[in-house]
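Visitor: So the chains spell out like this:
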Amino acid sequence: MHRFAKPSVFLNLTAPILPWLSVLTAILIAAGLYFALIGSPVDYQQGDTVRIMYIHVPAAWMGLFCYVGMAVCGAMSLIWKHPLADICARATAPIGATFTALCLITGSLWGEPMWGTWWVWDARLTSMLILLFLYLGYIALVNAFDDPERGSKAGSALALVGAVNVPIVKFSVDWWNTLHQPASIMRMDGPAVDPSMQLPLALMILGFTAYYFVVLILRVRLELNERRIRALHLSGMFDDRSPQTNTGKQSYDAGHNAEAKE
Amino acid sequence: MNGFLAILQRDLRLALRQGADSVMVVAFFIVTTTLFPFGVGPEANILARIASGVIWVSALLAAMLSLERVFQTDYEDGTLELLTLSPVSLELLVLGKVLAHWLTTGLPLIIAAPLMAVMLNMDQDGFITLITAMLLGTPALSLIGAIGAALILGARRGGVLVSLLVLPLYIPVLIFGAGAVEAALLGISATAQLQIMAAILLLALTATPFATAHAVRQAME
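Keeping their order, the protein sequence lines are chains A and B. Under the working numbering, the first residue of the first sequence carries the number 39, and numbering increases by one thereafter. Under the working numbering, the first residue of the second sequence carries the number 478, and numbering increases by one thereafter.
Rather than coming from a laboratory, the hints here were simulated on the basis of the structure. There could be a bad hint or two in this list.
[Unchecked claim] Chain A regions said to be covered by chain B (calculated; three or more residues, Cβ under 8 Å):
1. 67–78
2. 192–199
[Claimed, not checked] Negatives, chain B to chain A, calculated, CB over 10 Å:
3. 482
4. 492
5. 504
6. 514
7. 553
8. 591
9. 642
10. 668
Here a beta-carbon is modelled for each residue, glycine too, at the ideal position from N, C-alpha and C.
Produce the entire structure from the sequences given, and follow the hints as far as they go.
Guide: So, in structure tokens, the structure goes:
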């Protein structure tokens, strides 16, 4: 794992993966949307509104998945001071926040025809809303410092503290008697969703997860390049008075165990 | 243990000499609570219905607003740096500072709460439960809030930020605190809610000093 702590290694590794992963994401989401909107039957009770599920459930899954990813990255950066873990955690937060917001919005659109209300203060809805607040708090904290390093470290600690909410979201429907239906996909006795609906759901979940990794890689690359530009600026690279030939991958790795073997 | 007592004594003395801090927290609590009758109207039965929630929310906000002074002044004048360098474990010192914070903000709030409960027309059956719940809940608020207070050291606009960080973490205390009073008002035993609040307090007591101390050390790097 520490082999990947070098930004240049990460850049070299992800450059060939990125186009393939993007194509895979596009195929998964296109196929998922086809089966979700056209290729799957309507629900005998809910009619066409059941199709909201194919966005709602994957978005909820991603909201939790991103938070767990963020907390794990936070732990990695605190324990091993892994430089990429910091950047990954920072890059994950806005993606996770967007998915959580998407989940809340689609849930409310689905709740209106089904429950007759846009919003109820039910355990799962409320804990999901708190998850969104935790994301926003993390983003605000990370950006509140002049020194980005300090922001990442404070954010990592907050991500770990906030991780107590994740099991609460997941199990809220089992612990409390709520309006939101109980878990129907990840349960001990197998999914309770009809096979014809499982396929588009699985495709969408995989598609959303792949999409997350595409965006994550893009955001991490962006951050690394921004840091490099900052480092080059500081070293006087763009200063006409002191021309330097400090190029190559060495500037990506400046400060990040640059001497380590690949 | 000596270090713990010394820091507790020091923080208490500082708070008492400056005096205004504790009074301001209570004043804030009373003013916020007073706003609700203006907002929802003065009907006695409506106020009685929402009294427990209003008192808890106001207490939460009051406790949160006073968080800044747990570490901020010590951070600015360099005391915190010396504390992190001292041989006494930082976790213990943090616990001492949190206890001092609770004694100067949480305790006055508990004393003021029944007064506001009377003004909001709350039924007398709920008073004992309200005080018990606040005795269990407000120390947890101070402990959890200290993490936020330590995380924002050195940040821009720290005061606004701390509310965004800490309020989501306060929600469990609010739910069970208001729930306990609600149960007592309905004539049901509130033991279950109070036990959960005690569990939250114990968890916060054992886990948060480490997180807070860690955050303080980060701020000192």
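Visitor: Beyond 10 Å from chain A, beta-carbon-wise, is residue 482(B)?
Guide: holds, 28 Å
Visitor: Beyond 10 Å from chain A, beta-carbon-wise, is residue 642(B)?
Guide: violated, 5 Å
Visitor: Just checking, residue 553(B) versus chain A, shortest CB gap more than 10 Å?
Guide: holds, 16 Å
Visitor: Test the statement that residue 591(B) is away from the interface with chain A: the closest C-beta pair must be farther apart than 10 Å.
Guide: holds, 28 Å
Visitor: Using Cβ atoms and 10 Å as the threshold, tell me whether residue 668(B) really stays out of contact range of chain A.
Guide: holds, 18 Å
Visitor: Could you check that no beta carbon of chain A comes within 10 Å of the beta carbon of residue 492(B)?
Guide: Residue 492(B) clear of chain A: closest Cβ-Cβ about 26 Å, beyond 10 Å.
Visitor: Do at least three Cβ atoms from the segment 192–199 of chain A come closer than 8 Å to Cβ atoms of chain B?
Guide: Satisfied; 5 residues make the cut.
Visitor: Would residue 514(B) pass as off the interface with chain A, using Cβ distances and a cut of 10 Å?
Guide: It holds; residue 514(B) is separated from chain A by about 23 Å at its closest Cβ, greater than 10 Å.
Visitor: State whether the coverage of the segment 67–78 of chain A by chain B holds or is violated, taking the criterion as 3 or more residues with Cβ-Cβ distances under 8 Å.
Guide: Coverage by chain B is violated here, the residue count being 0 at a Cβ distance below 8 Å.
Visitor: The output says residue 504(B) does not contact chain A. Does that hold with a beta carbon cutoff of 10 Å?
Guide: Consistent with the label, residue 504(B) stays out of reach of chain A, its closest Cβ about 28 Å off (over 10 Å).
Checked against the numbered hints above, the structure breaks hints 1, 9 and satisfies the rest.
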